[in-house]
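*Asks:* These are the residues of each chain, in order.
Protein chains: 2
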Amino acid sequence: MSIINTVSATRADPASLDLMFPQDLISSEVSAQLPSDLQIRPLASTDYKRGHLDVLSGLSIVNDLGEVAWVNQFHAMRATPCAYFSIVIVDKASDKIVGVGTVFIERKFLRGLGSVGHVEDIAVDKNYQGKKLGLRIIQALTHISESNGCYKTILNCNDANIPFYEKCGYVKKENEMAKYAPARVNDTPKL
Amino acid sequence: MSIINTVSATRADPASLDLMFPQDLISSEVSAQLPSDLQIRPLASTDYKRGHLDVLSGLSIVNDLGEVAWVNQFHAMRATPCAYFSIVIVDKASDKIVGVGTVFIERKFLRGLGSVGHVEDIAVDKNYQGKKLGLRIIQALTHISESNGCYKTILNCNDANIPFYEKCGYVKKENEMAKYAPARVNDTPKL
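So the sequence lines, in the order shown, correspond to chains A and B.
Under my numbering, residues 3 to 193 are what the first sequence spells out, in order.
Under my numbering, residues 3 to 193 are what the second sequence spells out, in order.
Just so you know, same-sequence chains aren't split out, so a pair can sit in one copy or run between any two.
Using 25 Å as the maximum straight-line C-alpha spacing, the simulated SDA-like pairs for lysine to any residue come out as follows:
hint: 1; residue 1: LYS154; residue 2: SER59
hint: 2; residue 1: LYS175; residue 2: ALA162
hint: 3; residue 1: LYS134; residue 2: GLN41
hint: 4; residue 1: LYS94; residue 2: GLY53
hint: 5; residue 1: LYS175; residue 2: ASN160
hint: 6; residue 1: LYS175; residue 2: LEU55
hint: 7; residue 1: LYS154; residue 2: ASP123
hint: 8; residue 1: LYS175; residue 2: ASN65
hint: 9; residue 1: LYS51; residue 2: ALA17
hint: 10; residue 1: LYS174; residue 2: ILE164
hint: 11; residue 1: LYS154; residue 2: GLY68
hint: 12; residue 1: LYS175; residue 2: ASN158
hint: 13; residue 1: LYS174; residue 2: ASP123
hint: 14; residue 1: LYS154; residue 2: ALA185
hint: 15; residue 1: LYS154; residue 2: GLU176
hint: 16; residue 1: LYS98; residue 2: PRO24
hint: 17; residue 1: LYS154; residue 2: ARG80
hint: 18; residue 1: LYS169; residue 2: ASN158
No lab work stands behind these hints, which were simulated from the structure alone.
Start from the sequences, fold in the hints, and give me the full structure.
*Replies:* See below:
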């Protein structure tokens with residue numbers, strides 16, 4: 003029994019993981035509001051194995067290129083100074099990721115050479131919905147953005163999700179316009 | 003007369019400038035469609051003096067912190083690998099900037115570790131409007147985004163500008179939501 007507890011504690015302790023950014027950028031207030039069987043922390047370099055892409059696949063096309071490519075992307079993002087902040091919510095018992103989100107920070111020439119936080123790619127495992135995990139992810143990412151001095155934090159969402167983001171303190175501002183790149187000859191088929 | 007021509011040619015030649023990224027990422031097709039008295043090129047480290055912020059001030063609050071701070075921001079953005087691509091349109095005769103825009107590239111875990119181009123901070127000097135400079139800026143930025151392999155390029159705009167961006171090949175997708183950071187005690191007053 004004590005062995006099981008030790009293993010579980012090692013798995014859940016962010017101090018033992020290779021994180022994308024320091025744990026202390028995660029709001030302690032948000033952490034305290036999570037159910038006690040869950041933990042919120044920065045993405046770790048070993049999170050491919052904990053199902054990071056499985057959770058993202060609930061949101062959009064993932065097209066998994068394998069662990070080595072995923073780890074390379076993790077390192078490229080971490081090597082970009084003060085830009086990418088990906089977080090996860092982990093179920094402590096199973097050591098599986100059940101919620102994900104990212105905020106990346108854009109430098110500008112406007113607003114006194116200001117910065118803007120862009121919230122992207124929020125997803126929660128469908129078996130863990132109804133626990134306010136989406137709200138906690140948005141709160142944690144907004145805290146990271148504001149702690150980094152961003153004068154605003156923005157995100158894009160569909161009409162149905164506007165009320166949810168309003169509860170998170172966001173207001174509708176403008177319209178998102180998109181252009182998809184033409185398919186290239188050497189592209190792998192779109193999934 | 004020959005001296006004046008030489009000076010003018012030096013001013014206009016991107017090869018003599020310290021650019022944010024290589025000139026060859028600017029679409030030659032877009033360059034060819036500009037009026038002959040104008041030039042499109044990457045932002046240069048000396049563009050503070052050419053009125054970069056003056057043009058941006060037509061779009062939003064600039065809060066000019068001076069040339070040294072601007073140049074530091076330029077270098078910080080250029081030092082970020084494959085992230086920031088700011089462009090300008092210059093009036094060759096006056097060597098003044100008359101149009102600006104930026105695309106920055108976000109790495110993702112989704113879509114086969116794909117990238118998305120975010121178009122930001124498009125502005126054209128009001129004395130140069132009606133020359134399709136906004137269209138040329140968007141076309142040039144979209145070309146940069148797609149040349150860098152981004153699977154999509156996105157931007158935010160108000161309702162009135164939707165038809166313009168549709169002419170640029172963009173379609174309305176979702177809604178932009180924003181949260182402005184609370185004022186901090188040590189902040190300079192908002193302009």
